[in-house]
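Let the hints inform the model, and build the full structure from the sequences given.
Chains A and B supply the protein sequences, listed in that same order.
The opening residue of the first sequence carries number 455 in our numbering; numbering runs sequentially from there.
The opening residue of the second sequence carries number 455 in our numbering; numbering runs sequentially from there.
As a list, the in silico SDA-like pairs of lysine to any residue whose alpha-carbon atoms are at most 20 Å apart:
1. B:Lys456 - B:Gln528
2. B:Lys623 - B:Ala633
3. A:Lys456 - B:Val517
4. B:Lys623 - A:Gln484
5. B:Lys456 - B:Ser552
6. A:Lys623 - A:Gly656
7. B:Lys456 - A:His499
8. A:Lys456 - A:Glu526
9. A:Lys456 - B:His499
10. B:Lys456 - A:Gly520
11. A:Lys456 - A:Leu677
12. A:Lys623 - A:Leu611
13. B:Lys456 - A:Val517
14. B:Lys456 - A:Asn502
15. A:Lys623 - B:Ala479
16. B:Lys623 - B:Ala604
17. B:Lys456 - A:Pro501
18. A:Lys623 - B:Gln484
19. B:Lys456 - B:Leu677
20. A:Lys456 - B:Pro501
21. A:Lys456 - B:Asn502
22. A:Lys456 - B:Gly520
Reference listing, derived: stretches of chain A covered by chain B, where coverage requires no fewer than 3 residues with Cβ under 8 Å from a Cβ of chain B:
23. 460-466
24. 479-489
25. 492-499
26. 615-623
Short, incomplete list of chain B residues facing chain A, as computed with Cβ under 8 Å:
27. Leu478
28. Gln484
29. Ile492
30. Leu493
31. Gln528
In short, the hints are calculated from the structure, not lab data.
Every residue gets a Cβ at the ideal spot worked out from N, C-alpha and C, and that includes glycine.
There are 2 protein chains.
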Amino acid sequence: MKGVIGILGGMGPAATVDFMARLLAATPAQRDEDHYRILVDCNPHVPNRNRAAAGEASPPGPVLAGMARGLERQGATLLAMPCNAAHAYTADIRAAVSIPFVSMIEETGAALAARHPEARRVGLLAVDGTLAAGLYQPYLPEPVLLPAEAQAHFMALIYRIKAGDTSAKARAEMAAFAATLVDAGAQAVVAGCTEVPLVLDGGDVAAPLLSTTDILVAATLALASAG
Amino acid sequence: MKGVIGILGGMGPAATVDFMARLLAATPAQRDEDHYRILVDCNPHVPNRNRAAAGEASPPGPVLAGMARGLERQGATLLAMPCNAAHAYTADIRAAVSIPFVSMIEETGAALAARHPEARRVGLLAVDGTLAAGLYQPYLPEPVLLPAEAQAHFMALIYRIKAGDTSAKARAEMAAFAATLVDAGAQAVVAGCTEVPLVLDGGDVAAPLLSTTDILVAATLALASAG
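Written out as structure tokens, the structure reads:
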């Protein structure tokens, strides 16, 4: 129990709190002191990843690099970032620090290969920035994506979740997006946005659902326990 | 929306995550960027406050002062700490930094005076460390406390909550402790431990319940919005 976990957060804030809650729940702990120390920079003022991908906002890389340096200076021994789209700036983060950065993209790729080696057609629920940066493409032989119109509605739903809507209606809409991918032949679905698990559980999808949040939790705890 | 909120956390970790979730829910925000930046040092290795009060652990003051300095260095413009017992070390924290520290004890005292000026007999659910340090006594004309044996059972329940038990049984037990105070004449009950609201809501108590967590949320946001 030696690692100090640094979290590059705030993208969005609720997803960061969800990640923290899942970290705690997944830590074998009976007492406060059994938990890891967690340093969090929950910074909702990082330039918008989707707008940056569209050339409409300044690149988030330098801001994320500064947050990473600050967390390292505070004593973090490893870093994690519960936002898929922001992983487009992984190189900026890794170049800024000397501690490991656990990539939820790479870890999800590894989890896919380990859990579903037979799956060729894999569904991906992800925001425009993640798709534009091509983050998951290296891991998906035949990605199954939402049609353009549905993707626009999916983005609107993500922004509603960011505004606090985790209603039954929001849950039903997210389940319908996942069903669209399964109907299109997806043998597994990647919840490739940390807002998705706020309104979608495995039981809501008729194919295996990979929560990138939970995958990042497991990988972060594995590294933290190692050192 | 200028303040950067620093949180001295980890006492316990779930209470810190609960505080963060309530901060987000209470922030008027439609988009990520409407939220405050929050820097968190969730440090579950702060010496145990109850054991320190009993002379069985080293004083947490220096550790808390170091955490406060670290958060200030990171850019926090105000500090809050969602742990009542740790407020016994408020002077150490305030002496360590030049930014304001919002005391949940002082804020709860102010809320009591404002909301229940007529209440003389006020119930207090608090851990041994909080009681031993006499943190709430200045604000409670006639404190109504649990009898010694019930207090021991209350402490055991708090440690169960810290171990992750937020079951219906835990909820019922906490409601019973609050009922004991009301039956003893409490005109209001202070949930003077941040683990309490994890299993107790206002609707569970037959007298007004003051959640020190929610009071700290409101005071923190008021100060953050001011600058």
